[in-house]
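K.L.:
When you get a sec, could you build the whole thing from the sequences and use the hints?
Chains as they are written, first to last, in the working numbering: chain A, 651 to 989; chain B, 444 to 825; chain C, 284 to 792.
If you are wondering where the hints come from, they were derived from the structure by calculation, not from laboratory data.
These numbers were taken from a predicted model, which means no experiment stands behind them.
Keep in mind that the hints are not guaranteed to be accurate.
Unchecked claim - Here are the computed lysine to any residue pairs in the SDA-like style, where the Cα-Cα straight-line distance is at most 25 Å:
id: 1; chain 1: C; residue 1: K425; chain 2: C; residue 2: T377
id: 2; chain 1: A; residue 1: K853; chain 2: C; residue 2: N406
id: 3; chain 1: B; residue 1: K800; chain 2: B; residue 2: V515
id: 4; chain 1: A; residue 1: K670; chain 2: A; residue 2: L849
id: 5; chain 1: B; residue 1: K716; chain 2: A; residue 2: V704
id: 6; chain 1: B; residue 1: K716; chain 2: A; residue 2: Q700
id: 7; chain 1: C; residue 1: K601; chain 2: A; residue 2: E663
id: 8; chain 1: C; residue 1: K472; chain 2: C; residue 2: T519
id: 9; chain 1: A; residue 1: K671; chain 2: C; residue 2: L430
id: 10; chain 1: B; residue 1: K716; chain 2: A; residue 2: F842
id: 11; chain 1: A; residue 1: K670; chain 2: C; residue 2: G564
id: 12; chain 1: C; residue 1: K772; chain 2: A; residue 2: F665
id: 13; chain 1: B; residue 1: K800; chain 2: A; residue 2: A757
id: 14; chain 1: C; residue 1: K472; chain 2: A; residue 2: T669
id: 15; chain 1: C; residue 1: K333; chain 2: C; residue 2: K563
id: 16; chain 1: C; residue 1: K403; chain 2: A; residue 2: S756
id: 17; chain 1: A; residue 1: K670; chain 2: C; residue 2: F393
id: 18; chain 1: C; residue 1: K476; chain 2: C; residue 2: Q373
id: 19; chain 1: C; residue 1: K509; chain 2: C; residue 2: V585
id: 20; chain 1: C; residue 1: K563; chain 2: A; residue 2: Q672
id: 21; chain 1: C; residue 1: K391; chain 2: A; residue 2: N867
id: 22; chain 1: C; residue 1: K425; chain 2: A; residue 2: G875
id: 23; chain 1: A; residue 1: K869; chain 2: C; residue 2: K601
id: 24; chain 1: B; residue 1: K636; chain 2: A; residue 2: A957
id: 25; chain 1: A; residue 1: K671; chain 2: C; residue 2: N467
id: 26; chain 1: A; residue 1: K869; chain 2: A; residue 2: E673
id: 27; chain 1: C; residue 1: K403; chain 2: A; residue 2: G875
id: 28; chain 1: A; residue 1: K965; chain 2: A; residue 2: I691
id: 29; chain 1: A; residue 1: K830; chain 2: B; residue 2: T680
id: 30; chain 1: A; residue 1: K853; chain 2: C; residue 2: K601
id: 31; chain 1: C; residue 1: K542; chain 2: C; residue 2: E729
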Amino acid sequence: MQNSSKESITIAEEFIRETKKQEQRAIIMKLVPIVLLIALIIIFGSITPQFLTVSNLYSNILEQLSILLVTSMGTTFVILMGGIDLSTEGMVGFAGCFVGLLVQNSANDMNLGILGIIITILFSALIGAGIGLIHTKLRLPSFIITFSAGYIAQGLGVLTYKGIPAAILDEGIRNLYFHKIAGLPVLTWIAFVVFFIALFLEKKTAFGRYVFAIGDNEKIPVMSGVNVNKVKILVFVWTGICFGIAGIMGAAKLGTSQIYIGQDLLFPTLTAVVVGGTSMSGGQGGVVNTLIGVLIVTVLQNGMVMAGVPNELQKGVQGLIIISVIVLSRRRSRKQIVK
Amino acid sequence: MKKLLSVSIALIMVLMLAACSNEGDSGTEKKSTSSELTESSEAPKPTESAESTDEKLVIGISVRNIENPYYVQIYDAVKQFTEYMGEEKFDIQFIACDSSDDQQVSDVQAMIARGGKNTVIYIDPNNAAVCSSVAKICEEAGVYWCSVWSYADGVYPYNFNYYAFHQTPGQVESEKELCLDMFSQFEEANKGKILAIKGLEGNTASIDRFAGLNEALKEAPDVELLDSQNGDWNPQTAQTLTTTWLNKYGADEIDAIWCANDEMALAVIETLKSQGLNGKIKVTGFDGITDAVNAIKSDDMFGTVGANPWLEGGQGVAYLYACWKGDLDVTSLSEGERCFYTEPQILTKENIDDFIKDYIDNSPEIDFDNYMDMIYAPLELE
Amino acid sequence: MEHTTIFSCKNITKDFSGMRALDSIDMDIKSGEIVGLIGENGAGKSTLLKIIMGFQPATSGEMYMNGERFSPAGTRDANYKGIGMVYQEQSLITNLTVAQNIYFGFEKKFRQFGIGVNWKEMNEQARRVLAEVGSGEIAPGKKAGELNFATRQMVEIAKVLNSVRLSNADHYLILLDEPTSLLNDNEIKLLFKQVQKLKEEGHSIVFVSHRLDEVLELTDRIYVFKDGKGVGQVETKKADEATLYEMMVGRSTSGEYFKIEKQKEPGDEIVLEVKDLALKGAFKEVSFQLHKGEAFGICGVVGSGKEELCSVLIGDDKPTAGTIWQNGSQRKFSSPADALKHGIITVPKERRVEGIVEIRSIGDNIIISNLDEIRQGCYLSPGKIKDIGEQWIDRLSIKCTGVDALVQSLSGGNAQKVVFARALQSSCRILILNHPTRGVDVGAKEEIYTLIREITAQGISVIVLGDTLDECIALSNTVMVMKDGFVTKIVDAPKYNKPDQVKVAQFMM
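P.N.:
Laid out in structure tokens, this is it:
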């Protein structure tokens with residue numbers, strides 16, 4: 651070899667050493683969410699003993715996180731892909747209103763029961779497909795299209811009941827909330843099922859791998875002949891399904907079909923995904939990360955009420971913790987242009 | 444050039460379509476209103492107005508959202524008024540601002556743009572800040588308006604020519620009465636522990652109602668308020684708070700959950716139902732929506748305070764109409780006639796059946812001619 | 284073994300909006316041979332590879348693979364015909380495992396439960412494929428992001444092999460683009476072993492590299508490109524480094540072209556001094572002095588560290604060791620804006636990304652770095668902008684419709700002049716030119732060379748990263764050669780005694 655190769659090893663090796671250091675840092679940062687979760691549980695547990703009871707940790711928190719878990723499962727895939735979904739509130743609200751009118755209710759004579767649920771989920775999936783199509787074919791950024799879709803869905807939802815919410819009389823749906831299996835309402839178990847399906851999709855299917863690849867470096871799957879557009883559309887279909895399910899769960903809890911079902915869901919969903927460790931730029935993270943994120947958000951909320959933190963401070967505390975987690979767990983190069 | 448032309452045509456078509464859709468509201472059955480004249484009050488009756496004009500009056504109703512049944516009832520009341528007077532003379536604009544202050548101000552401006560001086564506005568301000576903006580806008584435009592529920596400190600009707608009046612269903616007193624009633628019906632009368640779910644931070648209605656609860660608490664020293672949290676008017680939040688509290692304090696320790704409105708209260712009841720606690724833990728709300736009425740009837744809910752939207756909306760708009768017509772000179776009225784409470788209805792098990800009969804099964808008759816009767820008590824603004 | 288021609292291309296030409304990147308390239312490759320492809324930066328090597336892989340179509344010309352006419356619509360197409368490429372920039376997805384990367388896009392083979400994938404089975408097969416390239420010890424279940432570069436390179440090769448197998452062709456063609464840049468000696472040895480193995484099996488490899496010694500060691504034949512043309516091919520055993528350099532770099536472009544006549548001697552004052560400067564992982568122990576009015580050229584191939592050195596000098600990166608001195612005082616630039624305050628500005632390489640704001644006018648672009656000086660309070664007088672703009676348009680002969688013309692409407696050369704104008708408008712003292720004539724037509728190039736002469740004559744010092752070696756030598760008073768992160772030579776290049784290109788090139792590679 652050339653006489654400078656000895657020195658060239660040094661430069662190349664330096665480079666490799668730097669990369670290794672960064673990778674070690676990355677591994678540590680991956681642990682931040684779990685550490686935070688444990689820390690929160692310990693802190694809140696010590697402030698309020700009732701926090702640590704089975705009744706709170708199990709029956710309460712798990713029930714409280716159900717809807718959030720379902721919406722987050724959908725949104726995780728969109729963010730993994732490098733996009734973002736802002737349609738959560740409208741879509742979930744719409745699904746809640748829609749299903750209310752299809753099953754036995756006080757406003758009309760429909761009584762479709764489980765068929766109503768299926769139709770609602772299918773319809774939400776369809777809207778998701780529409781969003782995906784517009785995003786890929788018209789090349790509108792996901793930010794814009796989901797934002798608008800959310801508003802449109804919200805409008806449609808409100809139209810369905812025109813100011814007078816229908817009370818849901820279908821026992822099956824109400825029992826999703828009232829009926830308990832092993833101390834948890836049926837809808838919580840459904841949330842777990844959704845989680846496991848998401849896990850399967852992420853880890854066991856080619857689809858899951860493609861989502862990561864697209865988020866990491868879209869050129870490569872395109873070059874490898876993967877139908878990137880199809881994958882993107884499918885991601886939004888999945889999100890639509892998740893939002894549909896979440897809407898039905900919300901309707902079951904409230905007992906009426908109102909647009910409120912979707913209210914205040916967007917920010918916690920995005921927070922859960924990001925805090926859990928799924929990077930906003932895509933290609934990193936996953937549904938297990940999001941599960942941790944959902945737990946963090948719910949535990950934080952629950953713990954603060956338990957601890958009697960004054961209302962005015964709660965939002966501030968939440969914001970602080972979220973920013974800290976994100977700062978700690980992201981690598982930002984100085985030269986990255988942050989918009 | 445061609446592009447400009449087609450865009451202009453499209454715009455004109457859209458405008459025409461928008462204009463058309465607002466005319467010809469589908470008519471509901473005309474209610475025959477009593478035409479008997481009661482003792483004449485000082486205020487001129489709308490039907491007696493000497494002038495007749497060809498101009499349409501735009502009635503702008505600006506509210507927070509259109510899902511709330513309360514607002515829908517206001518709209519119904521206003522519609523009844525227009526039917527009473529002859530629908531074709533009116534153009535009702537019922538617009539929701541989606542809890543956005545800026546949006547609400549824009550909505551008001553749009554209403555004024557539509558009718559010019561032939562506009563009256565009935566508004567439930569999203570926040571006090573909106574009131575100040577609207578007061579200025581209407582004063583400059585020469586448009587009569589009134590506010591309901593929320594007002595702004597320092598912005599009082601009697602300081603303006605066009606801010607006709609402010610009305611609020613009495614919240615503090617009525618809430619206090621309702622709570623005292625509830626406390627007396629605890630297992631151990633006037634002794635127990637309660638939790639409170641408020642509305643949006645800083646919202647006048649939320650503040651007033653909570654104040655009413657506090658007044659009641661002052662008179663029942665053995666009733667303890669364990670915690671109060673903002674529910675943001677969001678039923679989901681109310682449910683989460685409920686389950687958390689049940690865990691923190693235990694169902695046996697809680698006697699009642701006070702809610703700042705019916706929607707949150709009903710959601711709380713659903714959660715209690717899921718744990719078999721409905722009826723055991725008392726729940727109160729505010730607004731008097733239909734579902735709440737049913738819940739009271741079925742013992743799931745202790746009580747609520749109903750505003751009387753038919754009265755507030757119906758007679759309120761009659762008042763505004765008289766101002767617009769020129770028949771009523773607001774500057775000549777007393778402060779109490781420009782700023783007042785309307786009579787709320789405290790609804791509990793005892794009177795629920797009557798209420799259902801009078802207000803739900805039948806539409807109440809609104810006395811448009813004697814709109815001043817809606818004044819229950821003067822509201823003192825410092 | 285009988286050697287048949289498995290790949291050939293005839294008259295391949297590629298034009299990019301007015302610029303000819305490849306001119307009538309002929310090449311043919313037989314089975315079981317390793318062909319080297321060498322040339323300077325911009326000679327057209329990558330362009331040809333991209334055309335072969337189907338990334339972009341040739342403007343004219345034909346290709347044949349295994350006897351059939353070949354015009355790929357995309358990479359998959361090329362794969363199906365038996366051609367695969369290992370890219371210079373890694374093409375592995377960091378969050379996927381080795382096996383998942385190797386079989387990326389081919390998961391159907393491992394279907395399970397309908398839409399599931401049998402990773403276990405895939406890992407098994409991946410293990411086999413890896414063993415075939417002598418890397419059986421790589422764990423197929425490991426995430427690609429956790430591997431070092433040499434290992435990743437092996438995985439890339441396995442991946443490529445796997446994808447060309449689709450073609451069921453007897454002979455594959457594997458294109459390797461600079462595969463050794465980040466490998467150490469042992470790893471390079473291993474790589475070569477694999478490549479030899481492939482050759483023995485009858486497959487062919489195209490090996491693109493700047494390291495002539497490696498090319499000489501590994502290949503059977505070598506094609507040399509220069510300025511988009513094929514300047515010849517040699518049998519490796521008959522070639523040596525000197526001949527290769529000569530072919531790659533020797534030019535007969537006249538001194539007139541570079542306006543060497545106008546080169547002036549620099550002053551004695553040292554305006555910038557760099558001592559033992561280093562950036563971890565990029566370059567080390569770089570020291571040089573820049574004099575007033577001097578044109579200082581830095582040359583080196585990709586990976587030599589010159590680009591990163593440039594970044595550090597303009598303040599875009601902080602050095603990890605060493606010092607920078609300007610006029611006797613030490614400097615630590617925190618940002619390009621900071622460097623600008625001290626009179627150091629750059630004309631960047633990626634003009635359209637870093638240099639100009641395309642959708643704005645010429646006038647706006649020119650004044651953008653110098654707003655403080657020309658504004659009064661908060662007010663930017665459009666009149667003033669116009670004046671300044673017109674001055675520069677005149678001075679640099681920028682062909683445009685006026686000061687208000689949008690930069691995106693200008694040709695490459697003229698747009699580059701706008702960037703120059705901006706740099707000069709900001710009254711800098713040290714100008715760093717990063718490939719200033721890239722993508723610029725010949726006429727405009729000459730104008731830019733004249734401009735550089737004028738600038739230095741005025742006492743502004745210029746550091747030039749030349750597009751080609753001869754440009755670098757011709758323009759500079761002093762040439763510094765870098766290789767693999769080190770300075771290998773600093774040589775004087777006075778007007779009438781320019782160093783021989785071939786000799787300088789030796790230090791680059």
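K.L.:
Compare the structure with each hint and give your call.
P.N.:
Quick rundown of the hints versus the structure:
no.	hint	result
1	C:K425 <-> C:T377	10 Å, holds
2	A:K853 <-> C:N406	14 Å, holds
3	B:K800 <-> B:V515	20 Å, holds
4	A:K670 <-> A:L849	29 Å, violated
5	B:K716 <-> A:V704	21 Å, holds
6	B:K716 <-> A:Q700	22 Å, holds
7	C:K601 <-> A:E663	20 Å, holds
8	C:K472 <-> C:T519	19 Å, holds
9	A:K671 <-> C:L430	13 Å, holds
10	B:K716 <-> A:F842	23 Å, holds
11	A:K670 <-> C:G564	12 Å, holds
12	C:K772 <-> A:F665	23 Å, holds
13	B:K800 <-> A:A757	20 Å, holds
14	C:K472 <-> A:T669	23 Å, holds
15	C:K333 <-> C:K563	32 Å, violated
16	C:K403 <-> A:S756	53 Å, violated
17	A:K670 <-> C:F393	33 Å, violated
18	C:K476 <-> C:Q373	21 Å, holds
19	C:K509 <-> C:V585	16 Å, holds
20	C:K563 <-> A:Q672	13 Å, holds
21	C:K391 <-> A:N867	22 Å, holds
22	C:K425 <-> A:G875	24 Å, holds
23	A:K869 <-> C:K601	31 Å, violated
24	B:K636 <-> A:A957	18 Å, holds
25	A:K671 <-> C:N467	19 Å, holds
26	A:K869 <-> A:E673	23 Å, holds
27	C:K403 <-> A:G875	24 Å, holds
28	A:K965 <-> A:I691	18 Å, holds
29	A:K830 <-> B:T680	21 Å, holds
30	A:K853 <-> C:K601	40 Å, violated
31	C:K542 <-> C:E729	8 Å, holds
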